[in-house]
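J.: So the chains spell out like this:
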Amino acid sequence: MLSNLGIIFSSISLLASLFLIHLSFVELKVSGDKIPKKIYKFSLVQLIFSLLSFLILLTGYIFSDFSMINVYENSHTTKPLFYKISGTWGNHEGSLLLWINILVIFSFLFLILNKNKNKNFKIFTLIFQNLLISIFFIFLLTNSNPFSPVFPVPNEGLGLNPILQDPALAIHPPLLYVGFVGSSIYFSAALAALISKVEAKSLAITLKPWISISWFFQTIGILVGSIWAYYELGWGGYWFWDPVENSSLMPWFLMTALLHSVLVLERRMGLYSWVIILSILTFTMSVVGTFLVRSGILNSVHTFANDPSRGLFILTFLVLMVFSSIFIFFKYAPSEKKNYRIFSKEFFILINNWFMIFFLAVVLIGTLYPVFLDTLSGEKISVGPPYYNFILTPFLIPLLFLMTSGPKHKWVSSETKKFFDIILFLSVFLFLIIFFVIKENNLLINLILLFSIYLIIQTIFDFYENLKNRNINLSRITSHFGFGLLIFFISINHIFSVESNFNVRMGEKKDIKNYVIKFENLETSSGNNYKSVIGYFEILNKKKLIKENLRPEIRIYNQPKTITYEASINSNLFSDTYLTMSNISDSDIFNIKFQKKPFMNFIWFSVLLISLGGILNFFNRKKEI
Amino acid sequence: MKKIHLIIICIFLIFIFTTFYLSLDNKKIYNTEDMVGQKIDKVELTLFNNNKTFNTKEISNYKFTLFNFWASWCAPCRKEHKNLIKLSKNKNLKIIGVNFKDNKTQAKEFLQEMGDPFFILIKDPKGKQSVNFGVYGIPETILVNQDLEILKKYIGPLDIKDVNEIKKIVKQ
Chain E
1421 MLSNLGIIFS SISLLASLFL IHLSFVELKV SGDKIPKKIY KFSLVQLIFS LLSFLILLTG
1481 YIFSDFSMIN VYENSHTTKP LFYKISGTWG NHEGSLLLWI NILVIFSFLF LILNKNKNKN
1541 FKIFTLIFQN LLISIFFIFL LTNSNPFSPV FPVPNEGLGL NPILQDPALA IHPPLLYVGF
1601 VGSSIYFSAA LAALISKVEA KSLAITLKPW ISISWFFQTI GILVGSIWAY YELGWGGYWF
1661 WDPVENSSLM PWFLMTALLH SVLVLERRMG LYSWVIILSI LTFTMSVVGT FLVRSGILNS
1721 VHTFANDPSR GLFILTFLVL MVFSSIFIFF KYAPSEKKNY RIFSKEFFIL INNWFMIFFL
1781 AVVLIGTLYP VFLDTLSGEK ISVGPPYYNF ILTPFLIPLL FLMTSGPKHK WVSSETKKFF
1841 DIILFLSVFL FLIIFFVIKE NNLLINLILL FSIYLIIQTI FDFYENLKNR NINLSRITSH
1901 FGFGLLIFFI SINHIFSVES NFNVRMGEKK DIKNYVIKFE NLETSSGNNY KSVIGYFEIL
1961 NKKKLIKENL RPEIRIYNQP KTITYEASIN SNLFSDTYLT MSNISDSDIF NIKFQKKPFM
2021 NFIWFSVLLI SLGGILNFFN RKKEI
Chain B
46 MKKIHLIIIC IFLIFIFTTF YLSLDNKKIY NTEDMVGQKI DKVELTLFNN NKTFNTKEIS
106 NYKFTLFNFW ASWCAPCRKE HKNLIKLSKN KNLKIIGVNF KDNKTQAKEF LQEMGDPFFI
166 LIKDPKGKQS VNFGVYGIPE TILVNQDLEI LKKYIGPLDI KDVNEIKKIV KQ
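As you go down the protein sequences, you meet chains E and B in turn.
Sequential numbering of the first sequence, starting at 1421, is according to our numbering.
Sequential numbering of the second sequence, starting at 46, is according to our numbering.
Looking at chain E on its own, in the form it has when it is part of the complex:
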């Protein structure tokens, strides 16, 4: 029943998209500057039925309707309600439906929120967006149908992978999707702007809120994913340069570049083609990421069930999309010549863009190189954190410096300010204090610390100055401040982290640096859909004589039968104590991973600040930068 309804609703929504494309083409030939009512009506129909089809799937999950294969394969009656709901997008088919819903929602919002814009521009945007929607609906209905029925209806489902049963992970995919699927709207708008020859300022004003909002969600999505990896995966880190993490970071670099260069477009009417290229690239990179993850050509914690037909479909779509964008771009792109004076704001923004593109290139090469090498030569390698850290870390120093000095410069002007100012002096002073406290010898880390302090102090001063002038650019200040803090705390975290792996039996003690870890007891317990073995540990800080109790768990889930290792983390304001245990089969020895990670909460908080800048930028559109 639900299965049929789902198929009918999504088919109606697909039909509405096709009609919209048809109506839009007809409308292009009609003069006048108003979009006819029926286009709005069809958009509304499309939106309603697309949302309804998602609701149907959601209902299927909530009420455990196993007549749909998708629910049968990914859910179970004993699963907590919250995870039944998040199960809807915890699999390929369901998440594709969510994808489409975001495409549709953005398409609808774009149409109703830009009532006064150039008509042809809106119509073309609608055409491109609906082409995307139709293609993905066809993909959904023909290849990855979440509503496929199963007969006879099974009594019980197979369950959701327990590592996905985590609150952070439940909300992580929707956030990221709003981020990178949201970028589709400026992809469509950029192509439409080229064809309908929209002028620079108007394009910038139209794109800006969409870029801010998708950038905000992308940042938060990455943050939540990181938090999940830290608490749930039990690897004791927050960023692993895993290919799938990289796929979410690559569009982020482009969005960040775009967020900055759209300002130049707005104020100076420069970088028109560049903004268009970035808009196209952002969504392209999002689809490349989706292709890498869904086709199964990458091996990662995220890999969906392997199905080459899926990969082939996304790849075909990608090829069509990229080549038609190139065609449109080369056919319609205006030629522009603008010289930028050194030490003007736009010059710094341009440099920021080159940094972002450089970071993107490094991450892209690191992600694709193993895939390419394996395919072309059969050799298997993996590119890990050392590569990224080695190449990217030194470039943080000039980036931090540019972030500090760029905003101080005015548009157009080329006057140079005094290089040695009070803020730099204060930063060096603060840095020296920190240096004598931590006594770190690594030059690179010291420089990064120095420049992050410089950025932090500069933004605080900026805030103060802005406050005096009653002209606060809160979004830039918040994001740059957050970024300075992030780099500062990551460095401190890197310097002070303690990590150790060892084997113990119950009742034994182990000394690690300033800590004594005692394995006190072992208990078994059972949860709703799992059984668990809980270890009782006492950690003594020898210096401060503080005791902490940690209880890592080994969980054995019944549906599907999976073992997970639950880290026990004692999170204080300044430091996290982290313990995971795994048993060595059929013995009484347990393998323990102990970590002391300072300032984790500050790292999360910094990223939150960075993303907050995006939302402030969204609500603060009229303010000057």
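It is worth saying that the hints were derived from the structure and are not from the lab.
We treat Cβ as the ideally placed atom computed from N, Cα and C, and that holds for glycine.
Mixed in with the good hints there might be a few duds.
Stated by the list, open to error - Residues of chain B clear of chain E, computed beta-carbon distances all greater than 12 angstroms:
hint, residue
1, Asp70
2, Asp86
3, Asn95
4, Ser133
5, Glu154
6, Gly179
7, Asp204
8, Gln217
To be verified - Stretches of chain E that chain B covers, calculated by requiring three or more beta carbons in the stretch to come under 8 angstroms of a beta carbon on chain B:
hint, stretch
9, 1729-1736
10, 1794-1803
Unchecked claim - Now the in silico label distances, taken between C-beta atoms and shown as ranges:
hint, chain 1, residue 1, chain 2, residue 2, range
11, B, Ser133, E, Glu1928, 36 to 44 angstroms
12, E, Met1926, B, Asn96, 37 to 45 angstroms
13, B, Lys102, E, Pro1587, 52 to 60 angstroms
Once you have looked at the hints, place chain B on chain E.
T.: Frame of chain E, contents of chain B only:
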């Protein structure tokens, strides 16, 4: 100039997309269960006790051969051992043990304690030879006929059901 840019970009993209296309067929998940029905390679192995070589083509002398991959450090191997002892009494079947990434003394102690079901014992201290059989974790057991064709492959410890299945195949 514009055209040259366009051509370079297109060639580059075509290269990328072609590689993506090729990578779709590239199997990432290594599944040894596909090996059933295939023939095992004729490879030279080293005997456990005297370092002499044993070539797998010699097993065509026996009606059925069961390769068992084990180690003294592997707990499930301990569990399945009694089943191997049972099977070793079968006349149609020769069991070849492959001692996988193990310490020689501990392996000997294991066999002394638990009994020795192996007709021939092979050593593979680095686990490299076992790869020829598609083994990357233990215990694994492979049933091979006279033509060196793999009839059955068991991943994980053999249980009583598996023993009965092997007995049934060997009877025919």
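J.: Take the hints in turn and mark each one as holding or not.
T.: Against the structure, the hints come out as follows:
Listed as outside the interface, Asp70 of chain B is inconsistent with that label: its C-beta sits roughly 7 angstroms from the nearest C-beta of chain E, within the 12 angstroms cut-off. Every beta carbon of chain E lies more than 12 angstroms from that of Asp86 of chain B, the smallest distance being close to 18 angstroms; the non-interface claim holds. The beta carbon of Asn95 of chain B is kept farther than 12 angstroms from every beta carbon of chain E, the shortest such distance being approximately 32 angstroms. Look at Ser133 of chain B: its CB is around 23 angstroms from the nearest CB on chain E, clear of 12 angstroms, so calling it non-interface holds up.
Listed as outside the interface, Glu154 of chain B is consistent with that label: its C-beta sits roughly 16 angstroms from the nearest C-beta of chain E, beyond the 12 angstroms cut-off. Distance check for Gly179 of chain B against chain E: the nearest CB is about 17 angstroms away, which clears 12 angstroms, and the non-interface claim stands. Interface exclusion of Asp204 of chain B from chain E stands, the closest Cβ pair being 16 angstroms apart, more than 12 angstroms. For Gln217 of chain B, the requirement that its beta carbon stay farther than 12 angstroms from each beta carbon of chain E is met, with the minimum near 34 angstroms.
Counting residues of the stretch 1729-1736 of chain E whose CB lies closer than 8 angstroms to any CB of chain B gives 3, so the stated coverage by that chain holds, three being the minimum. Only when three residues or more bring their CB closer than 8 angstroms to a CB of chain B does the claim for the stretch 1794-1803 of chain E stand; here the count is 3, and the claim holds. Between Ser133 of chain B and Glu1928 of chain E, the C-beta spacing of about 40 angstroms keeps the proposed range 36 to 44 angstroms intact. Roughly 42 angstroms separates the CB atoms of Met1926 of chain E and Asn96 of chain B, a value that falls within the hinted 37 to 45 angstroms.
A beta carbon spacing of about 59 angstroms between Lys102 of chain B and Pro1587 of chain E agrees with the range 52 to 60 angstroms that was offered as a hint.
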